Amino acid sequence: MDKTFSTSHGAISLPAFLPDATFGQVRGLDAQDLAACGVRAVMMNSYHLMQKPGTTVISALGGLHAFSGWQGPIFSDSGGFQAYSLIRQSCSFGSFTDDGILLKDSRRGKKITLTPEKSIQIQWKMGADVLFCLDDCTHVDDIESEQLLSVQRTVQWAKRCHQEFIKLRDQSKNDTDQNRTLFAVVQGGGFRGLRKTCAESLLEIGFDGYGYGGWPLDKEGNLVEDMVGYTRELIPGEFPMHALGIGHPYNLVKTFKLGYPLFDCAMPTRDARHARLYRLRGSFDLAKQDWLQYIYAQDEKHIRDEHPIDPTCPCHTCQHYSLGYLHHLYQINENLYVRLASIHNLQFMARLIDFLRGEQA
Numbered sequence: 000m001d002k003t004f005s006t007s008h009g010a011i012s013l014p015a016f017l018p019d020a021t022f023g024q025v026r027g028l029d030a031q032d033l034a035a036c037g038v039r040a041v042m043m044n045s046y047h048l049m050q051k052p053g054t055t056v057i058s059a060l061g062g063l064h065a066f067s068g069w070q071g072p073i074f075s076d077s078g079g080f081q082a083y084s085l086i087r088q089s090c091s092f093g094s095f096t097d098d099g100i101l102l103k104d105s106r107r108g109k110k111i112t113l114t115p116e117k118s119i120q121i122q123w124k125m126g127a128d129v130l131f132c133l134d135d136c137t138h139v140d141d142i143e144s145e146q147l148l149s150v151q152r153t154v155q156w157a158k159r160c161h162q163e164f165i166k167l168r169d170q171s172k173n174d175t176d177q178n179r180t181l182f183a184v185v186q187g188g189g190f191r192g193l194r195k196t197c198a199e200s201l202l203e204i205g206f207d208g209y210g211y212g213g214w215p216l217d218k219e220g221n222l223v224e225d226m227v228g229y230t231r232e233l234i235p236g237e238f239p240m241h242a243l244g245i246g247h248p249y250n251l252v253k254t255f256k257l258g259y260p261l262f263d264c265a266m267p268t269r270d271a272r273h274a275r276l277y278r279l280r281g282s283f284d285l286a287k288q289d290w291l292q293y294i295y296a297q298d299e300k301h302i303r304d305e306h307p308i309d310p311t312c313p314c315h316t317c318q319h320y321s322l323g324y325l326h327h328l329y330q331i332n333e334n335l336y337v338r339l340a341s342i343h344n345l346q347f348m349a350r351l352i353d354f355l356r357g358e359q360a
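Taking numbering that gives the first Met the number 0, the leading residue of the sequence shown gets 0, the next gets one more, and so forth.
A few of these clues could be false.
[As the list claims (entries may be wrong)] As a list, the in silico PhoX-like pairs of lysine-lysine whose alpha-carbon atoms are at most 20 Å apart:
#	residue 1	residue 2
1	K253	K2
2	K51	K110
3	K2	K51
4	K218	K166
5	K158	K218
6	K117	K166
7	K124	K51
8	K256	K287
9	K218	K253
10	K51	K103
11	K2	K172
12	K117	K51
13	K287	K300
14	K300	K253
15	K172	K124
16	K166	K124
Simulated from the structure, these hints should not be mistaken for laboratory data. In this text, all values refer to a predicted model and were calculated from it rather than measured experimentally.
Turn these sequences into a full structure, and let the hints steer you where they fit.
Rendered as structure tokens:
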């Protein structure tokens, strides 16, 4: 597999971690902050953005890049995982059908059907560089009959997504559009046979890359390494694979070693907002089990701490602010805390990625 992945807004050195910019932004940060943290691409969510502010609004404002100010590569989530998460909580949010996903528009209160064609049209109109096929997401512990239905729908929807993507690309005379790419998602839960069936069917259709689909953690919260690794083995090495939703530093390293070069997750920035900061315990010695240390900004012991979160970190936060100051900002619920903490955790992820990139060189 190549060590770079080309997009219509630049090449991405692999491996790469994409922070989740769900509504067109990483909470508390702007595009310049992201670039300064070493971020090279982001994951945005077409399901949420099509509702707020709406596909037409984003298109009128020049597409996701102009809208958000981020000029690097943008990956767009199809909405399958978000629909699964909501519907799993309550059937009042919608339902899955063979034609697509029936959803309740949270802003207008109307019901909408997210078909494979509509999902691609939305992502295309918004201007994403890497689009994802709509898929029927499951939990790894779901029973075999549910996993089988998920695989059947995911493959059929992928065919329709592929057809719509090719149609839109053929209709466009724009060079940027010709360089857009489409990823499919491999489902099958914890059943190897279904994973194999899904992967083989998607490979027959032909995509630019593939993603690991479904909830990647077991009921104890542990990464399902066996299935994540097996799914990677099913896809030829020349195709990039995206570890969707995997971003805990330890899990990222495990998944990278299984052959995945692309990752996205909201965890590093969510942890930052909730006062959990990342610090190296010495160095990135991945042979050790405890190279990552958590610093909790709300702990009273930090009230007089004049040191940065991590003295080895080059981020803006560690270069200019003490842990005592961050503790103070958190205690008074100051928005500046969110920005400074998120900058640090994203810089940590960028440093981890740089280390892994060097390891594979």
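ask   = Going through the earlier hints one by one, which of them does the structure break, listed in rising order?
value = 3, 4, 5, 11, 13, 14
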